[in-house]
Structures are given as structure tokens and as C-alpha cells.
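**Student:** Chain residues, written in single-letter form:
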Amino acid sequence: MEDAVRSGKPVLLQGNEAMVEGALAAGCRFFAGYPITPATEISEAMSVKLPAVGGTFIQMEDEIASLGAVIGASLAGAKAMTATSGPGFSLMQENIGFACVAEVPCVIVNVMRGGPSTGLPTRPSQGDVMQARWGTHGEHPVIVLSVSTTWECFDVTVKAFNLSEKYRTPVIILSDEVVAHTREKVQLPHPQEIEVIDRIKPNMPPEWYIPYEDNARGVPPMGVFGDGYRYHVTGLIHDVRGFPTERPDEIQAFLNRLHRKIYQNYFDIVFIEEEFTEDAELLVISYGSVARSAKRAVREARKRGVKAGMVKLITLWPFPRQFLEPYLRKVRAVLVPEMNFGQVAREVKRINQGMTRVEKLNRIDGQLITPSEILTRLLKM
Amino acid sequence: MAELTKLIHKYLRHDKKFPHVWCPGCGNGIILGSLIRAIDKTGFEKDDIVLISGIGCSSRLPVYVDFNTLHTTHGRALTFATGVKLANPRLQVIVVMGDGDAMAIGGNHFIHAARRNLNITAIIVNNNIYGMTGGQFSPTTPYGARSTTSPFGHIEHPFAISELAVTAGASFVARGTVYHTHLLDQLIEKAIYKRGFAVVEVISNCHTQYGRKNKKGGPVEMLKWMKKSAVRVERAKEMSAEEMEGKFTIGVLVDRELPIFTKEYEKIRQEAKKEYGILG
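Line by line, the protein sequences give chains Z and G. Per my numbering, the very first residue in the first sequence carries number 1; after that it's consecutive. Per my numbering, the very first residue in the second sequence carries number 1; after that it's consecutive.
Calculated from the structure, these hints are not laboratory results. Among the hints, erroneous ones may be present.
[Claimed, not checked] Each computed SDA-like pair below joins lysine to any residue, with the alpha-carbon atoms no more than 25 angstroms apart: (1) G:16 with Z:202; (2) G:227 with G:273; (3) G:16 with Z:53; (4) G:16 with Z:253; (5) G:16 with Z:101; (6) Z:349 with Z:278; (7) Z:303 with Z:327; (8) G:46 with G:9; (9) G:237 with G:254; (10) G:10 with Z:206; (11) G:274 with Z:27; (12) G:273 with Z:192; (13) G:216 with G:156; (14) G:273 with Z:40; (15) G:273 with Z:278; (16) G:237 with G:164; (17) G:267 with Z:53; (18) G:224 with G:237; (19) Z:201 with G:45; (20) G:237 with G:158; (21) G:16 with Z:208; (22) G:46 with G:7; (23) Z:166 with Z:97; (24) G:263 with G:42.
This structure is a prediction, so every number in the text was calculated from the model and none was measured.
Put together the whole structure using the sequences plus the hints.
**Tutor:** Encoded structure:
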């Protein structure tokens, strides 16, 4: 059977399916998951495609186990991913913390559905933005990307793997029910046109290898189990050799490096997309499926003579502060439409510091915010 | 003795900051010794061994030895082990857990790992108590026993770890004690050699927590209790139920050939490659 997706012709794909294609293109060879709506199609497609490329798909007993297996596989050298939705994402928090502290690359997809608790399994939401940032105990930086189109489901998944490998950190992709289940025409690039980044492995003699030693990048080379670089991996705060420590100077140095490796590479990690921003007086800041409605609304507003523009956030965390601040300084007002009570709006207000007026537009009823709702608000602003 | 010390030193991590975290007289040191002797006998290279643990006293074991070592989250060691083994089946994966780690918070992972039957060795150190947190009852604390969270006597009934492993579908199940060290060496060695999910339950002593609260004495008295209560599986067959009262069996409980996950999965790969040839 010919694989239509890689034939070079345009194909009709669901967001979830496009993520699988992106993951495979990025070199993902291990997937562990647990069935959950609306993310299940990712597991199903992986169970077909991974074994065909010599990879491994496994359905675990829950989401905690899924992420555990993903981390184990990554330590043994495979690029690995899991996908879930709200309830499963809550269960994954402890192992997300582990992957951050032990610096294990992996990709975690959260196809957001209505919450809290079992919530609204088949309805979209953007309620997990703050959970993705602060869901674990303790403090660590995290990279969170969002997707709004089928193409981005492919492209951002490749980016997620690249960032994860480059910075030895879990990368979370926030999708939502609308993006996951919308079918769109996409033309996927030839595998050779895709930039794929692999983790840097140690090349010194094993006895010289210090697994968590700081360097200019803040990202130590990563030994893989079985490669001869035997070292200790732990969720305890550890010294440069990976051994548990309680020495204040070592604790501080470790946690500082963990933060530094993300924040000093801010401009490599933060992606946004702009439209009509040069002369915008009103700015819409949005992400995920709502960004699709925002785009339409901004174009309609322009037709009616309103100088509206939009910024679509692809990277949600670290928050794109440096990119947004110049706009906050010059626009008359900002509108943040989102399917929650205002999680990103709160962040925009935090960085705004009184420079402009920030308005919210929220739906928490399991329905997508429509272009006309955003347009109506823009015309009133 | 000198030979033994040399062997231990061959596998210890000398750049690790000793002393270890265990109490004097703890069974964990004996288990670590057994594990080292068993691994040495199997002849695996240090690079081929991945030693994985959860959280607890016994789960601190990997940090002291010079293998690929992974100290995971509480109860989840077997899930990490599953990923390691699937990503690189050539690695010899050994998991060390305590009774609280493997049976309470990790109980679900344990039965599913047994059912899935990957080629993994699981060593469960059973000292009937949560030692590291200060002596709370665990899923293997006997009925009536005292702990800091059952000050009036425990009203729950314990899990039989090995019997659970047999029922859940493990390929190999054995029980040993830290008193019968020679047997323990053999059991761990057999478990490592075994193709399939192999469980070794090790009855150990926590005199600091369990022993003290239940008037079982120090390490010597507790080891003597093991000597008295343990009956070889072969001998137990000839004993009546009354004779076995208050005793437990040691030795190999189950050793059977079952389909191994990684081998089964290889068939799936061949099938998928046939269907989606362009990907292969």
C-alpha cells in the first residue's frame, strides 16, 4: 500500500494525524499512551505507523505509566512522545517534573478539552495554559507550544522535538479539540527538507564524562544508556555527577542552570506570527483554534476601516514578552480572546504594566469563539 | 573474604559520596551484595546493565553501583524500565523496589508489567513497612502489627507479593530472604538469566521501624526469625497446613515459558512493514 502522506501530493489530514506525521518526520521512534478523547487518534495512528519504521508503540496502563515509559525510552536513546487530554495531563505532572529535573528530552501533547475534572470530553477548551506552565510542584522552566492549524500540527511537532533534543527538556504541545479533529488540506514537505535536530552526545572518553556539568549552552551532552557513559539519573536535586546533593551551592547552581538554559535561548524558542501589525491600533492576541477566528475577524475589521492587527502565539511558555511589549507600547487597546476565564489575558496584563488597555473575550461553554464575536468586539473598542 | 571485598569494589562507584543512607544492620546491603555477585556471575558488562529503582530506602541502591542507573519517581520504576527495554532490548534491565513502592503506589504498574511480560528482572525488597518516611504501615504489613499510622494495630490484610506476581502472569517468580544469602544469589542470577518478566521477592528486615514497634528485636533477632520461618518450596510440599502455620516458602515458585513482548512486537513490525512498505 502506498503511503499517501509522503507521496508529495496534497492530502486531507486531521490535526491529530498531522502530529503523528510531524513526530515521525522529526525522528520519533517511541510512543506510549493511554486512550483518551480527543487525543486517541494520535495513539491509533502511531500504532500503525511506528512499527512500520522499526519504532515501538505501546499502550500503557495509565498516563503516569505512559510518560514514565517515554522518559525511559528517551534515556535509552529513542526520540519519544506521548499524547493525552486534560485528565491524563493532570496524571502526567509528576513525571513532567522528573523529565525537567533529570533533563530528559520528550514531547507531550495535550489536546485540550473542557475541564475541570472529566469535564467536556468532546468539546474544545484552552483551560490548561497555566497548568502546562505551573502544573508540577517546585519551580522549573518549561517550553509550551500551541497549534492552530493542521499544518502547524505537523510543523510545531517537528519544532517541539527539535527544541526538546536541543535543550534536553520536555516540550508540551497544547492542541485543542477543534484543531485536533478539523480536517484540512496540507502538503507535507519532503523528509529531506525538514530540519531535524538531535541531542548532543558526549564524545570524550567515558571516564572524563561529567553528566551534568555546566557549559556555555547550559545544556550538558547527554549520554545514552548502553553507550558506555554510565551515569546516575535521579529526580533528586543532584550535583554535576548526577549524585544526590544537599549542598546549598550545588543546589543553587543546578537550579540556576536549569532556568538559564531556557531563558538565555529565548529567541530560539519563542515563535509568534503577525498579521497587519505594522500600523495596528487594535491588537488581537490569540493562540490555538481561537487564532483562526481572530484572523478572520481582523481581516473583516480591516475591510471596515478599523486598523486591527493580530499576533498569534505559537510559543506560550516562556511567555513571548519581548515580542509583545513593543506593541503594547503603541496600540490603543489589546483584545485577548480565549476559551477559558482569561489565562493568557492575565499574562498579557502582567507584562502590560499600564501601557495600554487589555480586554478579555472569553467563552467557557465548550464552544469555539466565532469570528463575528471577535469582530463585534473590535468594532466597539 | 578478600575476594568478596574485591568483587564489591569492582562494582561500587568510588566517586559517590559515601556513607550510604541505610541504618546499620539493614538488609539492603545484603541484597546489594547478592545482586553484585549474581550480575558478576552472569558475565554481563557494566554498560549492558540498567539498574532502575523507585523511591524508598531500597530504591537508593542503584546510586552506589557503577551501572547505567535510574532513580525514578515513586512507584513508577517499572514504567521507566518498560521504556528503556523497548527502546533498546539489548540492555539488561533490573528494577529494585520496596514493598510500598511496588505494591501500593506502583501496584497497578506491577501487575501490568507482569502481564505484559517484557524481559525485565524485578527485585522487590519486602520489609513490611515504609522505612524512609519513618515507619508507616505498607501493603505488606501483617494484620495486627503496629506502625506510626496503625498505633492500635493494623486492621488491613497484607498482599502476598510473589503469589500476586504468579497470578498476574510473570514468567519467573521466586522468594528469598536476606538470611539465606547463598540462595538469594542463585535466585537473582536465575531471574536475570530468565527470558521474560522475572520477580524476586526478598524478605528483609527493618529493625529500626518495624522491628522496634513490634518487639521483633534487632537485626540479629529478625534474621533468626527468617531462618526459623522460611521453608524451602520443595520441603513445604510435604508439610501440612498446620505445620506451615506462621511460615513462608522460599525458592522458585514459578518458572514458565511465556511469549515475550519484544518478540511478539517484532512480528507486528514485520506485518506493519508489509502493509506500509514505503515507510520501512
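**Student:** Against the structure shown, which of the earlier numbered hints fail to hold, in ascending order?
**Tutor:** 2, 3 and 15
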